[in-house]
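Trainee: These two chains come separately, so use the hints to put the complex back together.
If you read the sequences in order, they're chains R and S.
Heads up: the first sequence begins at 2 in the numbering used here, then just goes up one per residue.
Heads up: the second sequence begins at 1329 in the numbering used here, then just goes up one per residue.
No lab work stands behind these hints: they were computed from the structure.
What you were told as hints is all true, and nothing was included just to trick you.
Some chain S residues near chain R, calculated using beta-carbon distances under 7 Å:
{"id": "1", "residue": "1388"}
{"id": "2", "residue": "1431"}
{"id": "3", "residue": "1434"}
{"id": "4", "residue": "1436"}
{"id": "5", "residue": "1438"}
This one's a predicted model, so the numbers in the text were calculated from it and none came from an experiment.
Where is the CB? At the ideal position from N, CA and C, for every residue including glycine.
Take a look at the letters that make up each chain.
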Amino acid sequence: MYQVTVIVKRRPKILDPQGKAVEQGAKLLGFNNISNTRIGKYIQFIINTEDYDKAKSEVDEFCNKLLANLVMEDYEYTLEKVK
Amino acid sequence: MNPKFGVVVFPGSNCDHDAYHSLKKILGYEAEFLWHKDKDLKNSDVIILPGGFSYGDYLRTGAIASLSPIMQEVIEFGQKGGIIIGICNGFQILLEAGLLPGVLIQNKSLKFICKDVYLNVKNKNTLFTNSVTKDVIKVPIAHGDGNYFADENVITELVNNNQIVFQYSSANGEVSDEFNPNGSILNIAGIINKSGNILGMMPHPERCCDPLFNNIDGQEIFRSIVNGLLS
Chain R
2 MYQVTVIVKR RPKILDPQGK AVEQGAKLLG FNNISNTRIG KYIQFIINTE
52 DYDKAKSEVD EFCNKLLANL VMEDYEYTLE KVK
Chain S
1329 MNPKFGVVVF PGSNCDHDAY HSLKKILGYE AEFLWHKDKD LKNSDVIILP
1379 GGFSYGDYLR TGAIASLSPI MQEVIEFGQK GGIIIGICNG FQILLEAGLL
1429 PGVLIQNKSL KFICKDVYLN VKNKNTLFTN SVTKDVIKVP IAHGDGNYFA
1479 DENVITELVN NNQIVFQYSS ANGEVSDEFN PNGSILNIAG IINKSGNILG
1529 MMPHPERCCD PLFNNIDGQE IFRSIVNGLL S
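Pulled out of the complex, with its shape left as it was, chain S reads as follows (with noise of 0.2 Å):
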């Protein structure tokens, strides 16, 4: 088997090309684009959910595109176990539809940041992670609104469920004020739902698979999530 990812495009949307390359192209995986006015998943495994900036970013990243008419397909998918990857503006999307807890609120900094970010790989132990092989991997952020929050109850839900996937850190690992370049609670860079079969994240894991750019630390994020529907 080899399992089909369907990449969602909205209007705005500018990572899905990203992502479709790096999964057909470098990946070898099947992939299709799923047009957001569209209501049919086309028997995809996985929904990847995009970067970009859908709608404009009008109202609030992500709220109109939650509407979408594939979205309520998204929506039913994933609660009944589906496995969705929301990367940056997708992060934002499955914030805005209720399939993940908190919201991203602008950067402390008020800038847009693109760099490469170190990020501890917090949990190992999830459908998306399970073969990353190193502690510390280096990916792309690229956003305006990532600076992660959520209440008190919410982050202490997170913390004892092991939901955070990922922390922005040093190099080493170290996470700290210093490594946060956003300003997000507990440097959360990524987060799963309780169930495990949503993932979002605000680095590009998309945008470092192709050996082509000397980092291809976000392989074994595609990678981790076939060998679990392998498995």
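Chain R extracted, bound-state conformation (with noise of 0.2 Å):
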């Protein structure tokens, strides 16, 4: 079994109107020194199965076909085997 944990990112290109309300926040609470903030998600589910190969590949295919949009995001993930 893997812990999986996936973080999906907006493509940089990509206009993040929630990032920059954050940012608006952020100056409104004094924090001059915070740019570039980017709202993305964190996903976390468990993976069945003992092969790593396989694992990965799997999540690959979860990704591509519902957790991400390729077409406007990014997706990186880790794996960590738990017992």
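Mentor: Right, here's the structure in full:
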């Protein structure tokens, strides 16, 4: 079994209105050193196989088909073995 | 022949009854609801994917709905040339299902916008606009994620193939940033696929069909489909 952690990020060139709004909030709080705020998604799940390569290819497929929309997002993930 | 419209109902659809009412009670066409868990299009000639918040807009708008059992049938129907119109959340579902190119991201203002807008009818030579008499129509929008985005190649292709059907504009048809409510590239409000049988649009034509509302510009879009089917 593997604990999978996926991070989905909006592509750098694509406008992130949420990130912009949060950055405005940061400025209102006086955090003037903060810039390039981007908001993404953090997704966790368990994949029930012992085969590392199989787990990896299944996670890739899951990300491609559902978790990320590759028109506007990129994804990365980590696999951690659990007992 | 009286064409039949199938209106798909997803959990969270909320414009399904508006569409049904406009089609059946106002325009007098045959209409039937199609449940998202079914796999039967009930011999519909036209499929409507209505507006709303299918699956609570979880993950991405339209992402989960695009995997519904009925969508497998709808995708096949569309690929065989069947007529589909996706309105608002329906447009988002068409994009997630891969039947149209691009994505709809949050409005630039981050606000949910609910108001009447003007649309420049850019292409009148489509199944969905052949009977539209005006050059500019007034149709309401109601969305938080209507900001159309696609990469440059897709946009160039949309322009070259005349796939942009509606653009946000002034009452006189001027297309500029000033009249862009949500940040969409090229003020895109509605596009068709290359073969011209699938339309996705953010504005709600079904909400401007009933004469009670003093604006019936939406009627001509549905009339166009029927005229196209009958001719």
